[in-house]
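Protein chains in written order, with full-length UniProt numbering: chain L, 1 to 309; chain H, 1 to 309; chain E, 1 to 309; chain S, 1 to 309.
Source of the hints: derived by calculation from the structure; they are not laboratory data.
Given the structure is predicted, the values throughout are model-derived calculations rather than measurements.
Glycine included, every Cβ here is placed at the ideal spot set by N, Cα and C.
Among the hints, a few may not be true.
To be verified - From the derived model, a few chain L residues whose C-beta atoms are all more than 10 Å from chain S:
#1 E29
#2 H141
#3 E148
#4 A178
#5 A211
#6 G219
#7 E276
#8 R290
What the hints assert, rightly or not - Chain E regions said to be covered by chain L (calculated; three or more residues, Cβ under 8 Å):
#9 84-92
#10 172-179
Protein chains: 4
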Amino acid sequence: MTITNSQSRDRLGRSPRSPGALLRALLAEPGPTLVMGAHDGLSARIAAEAGFPALWASGLCMSTALGVRDSDEASWTELLGMVARVVEASALPVLVDGDTGYGNFNTARRFVTRAERIGAAGVCLEDKVFPKMNSFVGDGHVLAPVAEFGGKLAACRDALRDPDFMIVARTEALIAGAGLAEALDRAEAYRLAGADAVFIHSRKPTVTEIAEFARAWEGRLPLLIAPTTYHATPLEEFARLGLSGVIWANQSMRAAVTAMKRACHSLWAEGPVSLEPTIASLDEVFDLMRYQDLADDEKRYEARGQDGA
Amino acid sequence: MTITNSQSRDRLGRSPRSPGALLRALLAEPGPTLVMGAHDGLSARIAAEAGFPALWASGLCMSTALGVRDSDEASWTELLGMVARVVEASALPVLVDGDTGYGNFNTARRFVTRAERIGAAGVCLEDKVFPKMNSFVGDGHVLAPVAEFGGKLAACRDALRDPDFMIVARTEALIAGAGLAEALDRAEAYRLAGADAVFIHSRKPTVTEIAEFARAWEGRLPLLIAPTTYHATPLEEFARLGLSGVIWANQSMRAAVTAMKRACHSLWAEGPVSLEPTIASLDEVFDLMRYQDLADDEKRYEARGQDGA
Amino acid sequence: MTITNSQSRDRLGRSPRSPGALLRALLAEPGPTLVMGAHDGLSARIAAEAGFPALWASGLCMSTALGVRDSDEASWTELLGMVARVVEASALPVLVDGDTGYGNFNTARRFVTRAERIGAAGVCLEDKVFPKMNSFVGDGHVLAPVAEFGGKLAACRDALRDPDFMIVARTEALIAGAGLAEALDRAEAYRLAGADAVFIHSRKPTVTEIAEFARAWEGRLPLLIAPTTYHATPLEEFARLGLSGVIWANQSMRAAVTAMKRACHSLWAEGPVSLEPTIASLDEVFDLMRYQDLADDEKRYEARGQDGA
Amino acid sequence: MTITNSQSRDRLGRSPRSPGALLRALLAEPGPTLVMGAHDGLSARIAAEAGFPALWASGLCMSTALGVRDSDEASWTELLGMVARVVEASALPVLVDGDTGYGNFNTARRFVTRAERIGAAGVCLEDKVFPKMNSFVGDGHVLAPVAEFGGKLAACRDALRDPDFMIVARTEALIAGAGLAEALDRAEAYRLAGADAVFIHSRKPTVTEIAEFARAWEGRLPLLIAPTTYHATPLEEFARLGLSGVIWANQSMRAAVTAMKRACHSLWAEGPVSLEPTIASLDEVFDLMRYQDLADDEKRYEARGQDGA
């Protein structure tokens, strides 16, 4: 695996720094850090090998992989089960999409402490009402009261063990159509409540409202975005706006959807002849999952065992 | 979802027949039934929409999705957790790859009864030693004693509730290089021990050894194959050999691997501009996961609630 | 295990009737059915051996066993994991404490369909707001709007597969101090929304308000209670009131708490000498868990295996 | 909770030292450390409150709580799910019963790294063949080849992140009737393979064979025992033998079995009248689970929320 951030690491590629410390260091570097979305162990491994320095465990993508809607249909522990697979698949720090925290301040802090325990680097919580609906669906997005959400952030902060574990506050004010001033007010309130970074979300086709927010925000805390709809914006523009993190939240899953649809239709209609040359060989899969390492380890650890058997 | 086997079904597409009965009926139809491999809820939904009548919950693919090797690295309950997502994602019968049964007759029957409970249609058990290695990797495949594996099949049969739930016995004799006669002897022993079908596995690039087996077998039980390496064989040949089921075990996962690699490399190297038009839109994902049904149900079930709130 | 309701059952003590049908039949019998609370596989097995015909998978007790508070601190899938252990531990029908349904109509129906899938007989939902607090704690119990809760019940009914699976509507009107009329109005609304039975909950030290409710209810649906605080009421009184089910919800867990406290204090203070004769022997545990059956099965299923090895 | 080992701890009673470091320090103290068995969050909380400084997550007791036999009937991840509840229930270090490691060196190291990740202090592995049978049942205990088990220990050691995480090697040589010399040879081989402590197991009614082993061992590594059958031995004798840890492995579970049996029989035969005064009140349960802390936190974190709502 390519480890892009040069730290002293052990034989297995693991850093002595905590996942939270790694993520903080990345976001503090000049220019936006590119964070790749993952939804299971496989997509995490692929993203790590491609060179990304951090992962986003996407609620939409994990839900889709599980076969359910991104409307709190999977339980928070089911999602953390998938997060654990994402975390274990590489040595990269993982920022976890924690949705609204699955209830109140108490369920939220249970989620973040469990996420910390399984090795995540941070959790992003959004200021909507539980059960939430995916931000790209419909117009019924209801914002949580500011003070309630602030209390939730504070409770999470207080419950964590590692002071470097990141709490990212995501405001859905622009998604809910509440306007720039509301978005800024909320971000500031969340900063005061203890958030370590702000995720400002937009579903506009251009970067305009993000740009307005970023300029008015003036770097009070690291700022993250997920340019799913305004993907045509050049990366240089995100750098100019002083953004700390750019999350490619769902592209990997969407690529898999298209590929699996094609594979199924091709197999169903005509069999594997034309499909076969276009898909990964099994050896490619085995390389990705490091089967050779296991064969080597069998020699190392079982040699004596076979003598004794 | 296209339901290809015409049964009376309820409003949600579910048959009154048990999953096992559905699978048996499919395998009894003339010509080989095409069974599509799935590894999570998403891949299962896609396979169902493409028209396949049955699914294979692949051990290799579920392991890969979880980020681990197909060498019993995932626990049997972790795998059943994924199987449950495959089962819930469609109304199709699901045949579960049960590997070696995760130990002895007792762990095997715990696996199959749990698989039955969560709605699977059948389990395939293979005659290797636990922990196993994927059949396409290396040359160290050790076969279990015939009688031990027969006892395992009998214990599973006795523990099941639905007499239609299928126990498929997979012999790895050809994979282990033990020859055709051994493969046939084992298949016959497993038939006598209570297997409902036989899965004969080969990793040769041509269908030759499968064809020899099939002719000598003479249809004593339904015969299944997974033509991963001998994919160039035309479907008509499988029909001529009297095969009951053809499993496309891992093509969907392999297609996803290639697509996610491309997506990650493209995003990392140049951003989303050239990638975006080649991957599923979010609306396509929302259609696949039936978000509109949820919106409709909200109107149906929450209407009165909003009046009363 | 003693099976008190005489049905034709298979070799493993399992009835051909669905769990829901078994529970309905029990509640239809004259006189109140005694339902024993359980919180894991062990407590379920013990309750079944004692003769109880049905089990209550208690939210309070499962939460306590998990080490958390009965305030939706465990996720709904964690609780269903424990429910599965309760279900698998005996052949008895299990009524599951589903709390408020963990969100809205959609999370509730996901809970009940999953409960049905793992073999439960019914789910009880209560008309409070998520996250809930245990009914015996504090005075902040907020009732859900009637119509919203009715929509939740209807959504659950529509999503189930087995028409005999029971939806029990529990009103917390008396717990919330809303009075008898409100409790009756709510119960009637829930009946009209599709509930199969009503659970009327009270935390008064006497049966008075339960009695008033029962008389006014006039048997429109089967009525269940959990006499945790009004335990001094004789069973005959419950029969006179026409109750269908009496749930001993938490006594087994509370007995275990006292016993484990004593065991720990005794071991810590003086070692095992005086404790040992007061606790179950290991053989008693092995009998309860039927280790002899496994030994017998080893002979049955491994005999041939050992010859062949 | 009473914290008996005086360390600087945070507001929530957590030590800055790793769980492994805490456990090592305890075992290094003069005299045997008393380690209390636990099988779920509740039993762990009770043991911690009674004053024990460390916990044993018992395979027998967790299996029994789940309703299955201690013969690898629960999967390793199911057991780790219970271990996580034990770990989260207190600030005490938890030594995990890892049975045989659930297969080979590879499954064993997956188990120990996952145990480390969820916050355990160490894992104990035993030198029997998978699937194992509980040491107190029957005479069919088959020892693993020494070198194979040594390779397993080495693989676990190499895979761990925290050098203080403890690998305890348990030899079943005495249980299998292989004699003292074999037990000593195995313990020495496991020490050389990297074990941090040795668990010598016996099911004799007296301490004799443990005493012989301990004298011959001469303190080469910390020695642990579980005096389930030789419980009449005074603690002073264990101190004289230089033992580092005494595990009360299953007494708490056995106490719960007796209490729950009594409760069920009493409720079934006569109702709750005579039972009620003998079991913990709900308030006692709520104290144990710290419901008041949640009420306090609601005030702290929701106050502003309610203003804003």
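Status of each hint after checking the structure:
Residue-level check passed: L:E29 sits 25 Å from the nearest beta carbon of chain S, beyond 10 Å. For L:H141, the requirement that its beta carbon stay farther than 10 Å from each beta carbon of chain S is met, with the minimum near 17 Å. The claim that L:E148 is not at the interface with chain S is violated, since a C-beta of that chain comes within 10 Å of its own (minimum 3 Å). The non-interface label for L:A178 is consistent with chain S: the shortest C-beta to C-beta separation is roughly 14 Å, beyond 10 Å.
Interface exclusion of L:A211 from chain S stands, the closest Cβ pair being 29 Å apart, more than 10 Å. Residue placement check: L:G219 keeps its beta carbon more than 10 Å from all beta carbons of chain S (closest about 26 Å). Its beta-carbon lying about 31 Å from the closest one in chain S, L:E276 satisfies the requirement of being farther than 10 Å from that chain. The Cβ of L:R290 lies farther than 10 Å from every Cβ of chain S, with a closest approach of about 12 Å, so its non-interface assignment holds.
Given as covered by chain L, the stretch 84-92 of chain E fails the check, having 0 residues with a CB less than 8 Å from a CB of that chain where 3 are the minimum. Requiring three or more residues with a Cβ within less than 8 Å of a Cβ of chain L, the coverage given for the stretch 172-179 of chain E is violated, as only 0 such residues are present.
Checked against the numbered hints given earlier, the structure breaks hints 3, 9 and 10 and satisfies all the rest.
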